[in-house]
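Those protein sequence lines, which keep their order, are chains X and W.
Residue numbers 3 to 179, in the working numbering, belong to the letters of the first sequence in order.
Residue numbers 93 to 227, in the working numbering, belong to the letters of the second sequence in order.
Rather than coming from a laboratory, the hints here were simulated on the basis of the structure.
Even glycine gets a Cβ: it sits at the ideal position worked out from N, Cα and C.
Any given hint could be a false lead.
Below, in silico cross-link-like pairs of lysine to any residue (SDA-like), each with a Cα-Cα straight-line distance of 25 Å or less [as the list claims (entries may be wrong)]:
id, chain 1, residue 1, chain 2, residue 2
1, X, Lys114, W, Ile206
2, W, Lys146, W, Ala214
3, X, Lys126, W, Arg195
4, X, Lys35, W, Asp159
5, X, Lys114, W, Asp198
6, X, Lys141, W, Pro205
7, X, Lys114, W, Asn132
8, X, Lys125, W, Asp159
9, X, Lys125, W, Thr217
10, X, Lys141, W, Gly126
Far from chain X by the CB rule (all over 12 Å, computed), these chain W residues [said to hold, decoys possible]:
id, residue
11, Ile95
12, Glu100
13, Leu115
14, Thr119
15, Glu143
16, Leu147
17, Thr150
18, Tyr182
19, Gly187
20, Glu202
21, Thr203
22, Pro205
23, Glu211
24, Gly226
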Amino acid sequence: MSEITASTTEPAATEPCSTIDFHLRLGPLASAKGDVAAVLGESVLALLAMFYPSNIAKKANIVVTELVTNVFENILDPDSAFTLALHISPETLLIKVSNQVNAEVIEKLQTKVALLASVTDAKKLMVQTIRERRPHRLKGGLGLIRLVAENRFALSVSHTESGMITVSARYTIERSP
Amino acid sequence: MKILTYGEIMDGGASVFHSVAKLDGSTLLVSFEGVIRIDNPYRFLSGYLDELGKLLPTHAIAQTVIDFAELRFCNSNGFYIIMDLVECVYANVEGTITVRRVRDDDWQQETLPILLNLEEEAISTRTHFEEVRGL
Chain X
3 MSEITASTTE PAATEPCSTI DFHLRLGPLA SAKGDVAAVL GESVLALLAM
53 FYPSNIAKKA NIVVTELVTN VFENILDPDS AFTLALHISP ETLLIKVSNQ
103 VNAEVIEKLQ TKVALLASVT DAKKLMVQTI RERRPHRLKG GLGLIRLVAE
153 NRFALSVSHT ESGMITVSAR YTIERSP
Chain W
93 MKILTYGEIM DGGASVFHSV AKLDGSTLLV SFEGVIRIDN PYRFLSGYLD
143 ELGKLLPTHA IAQTVIDFAE LRFCNSNGFY IIMDLVECVY ANVEGTITVR
193 RVRDDDWQQE TLPILLNLEE EAISTRTHFE EVRGL
């Protein structure tokens, strides 16, 4: 079940003035046929590009792609679902993805997000990580770093006792001078 | 314009990404178009990478254009094949290299310089960027 709302308060304004909120719940995860992350990422790109500059829509595409890819790479219960929530207003782009994971994944994500919150130069960390992983062409390990270093998102993570984890990515939209 | 070699990624029976190396006189053009979303791009592009490394030294190339303007998306699993391909070009051609990239694309502005290894002076002195508007 999903709900999508979009509103534009003024037509053809110089500054974007639209607010879009949607909450999507998809499951069971095992029933997905194809690349759900790609479909959602491209859909968000197409939708947001109707209301906001393309660089903002592209940021949303990358976040949705990386976070939803993580969901499908860490399926704990094939019968469970995940949720994607997106909010964009002229000030903020906020994307939240929630899914059921095990304690190991929770710890790994918390450690990674804490590291990203503590580094003064996320791009330097990305360079270092790419250099470390490249000789073995290691898959993964760059997605969350990328969101911070490349796309300037602030990440946070929370979880419930039952193992439902939520990764949030927030971007403060800069106003044109 | 002579096509030297090309590589592509197929997904669900359709071509979703392709890279072409073309020669126009003494100018080499290497273009990247489409999206890289798959887990292991080497599965499709390792042959292209090998062939590029064999063919480039056999041609007299005075300048090069590497064009990313039509590369709409690259996941983090695509970073290493991009690095290998551009490294292959830099290692096997002489002269200046113009990199065409999209002005308002975070990946092309922030991460691409890392993948090009611009921290190396030998690379950065040969590299010029041409900024283009996105579609």
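Broken hints, by number: Hint check: 4, 20, 21, 22, 23, 24 fail, others pass.
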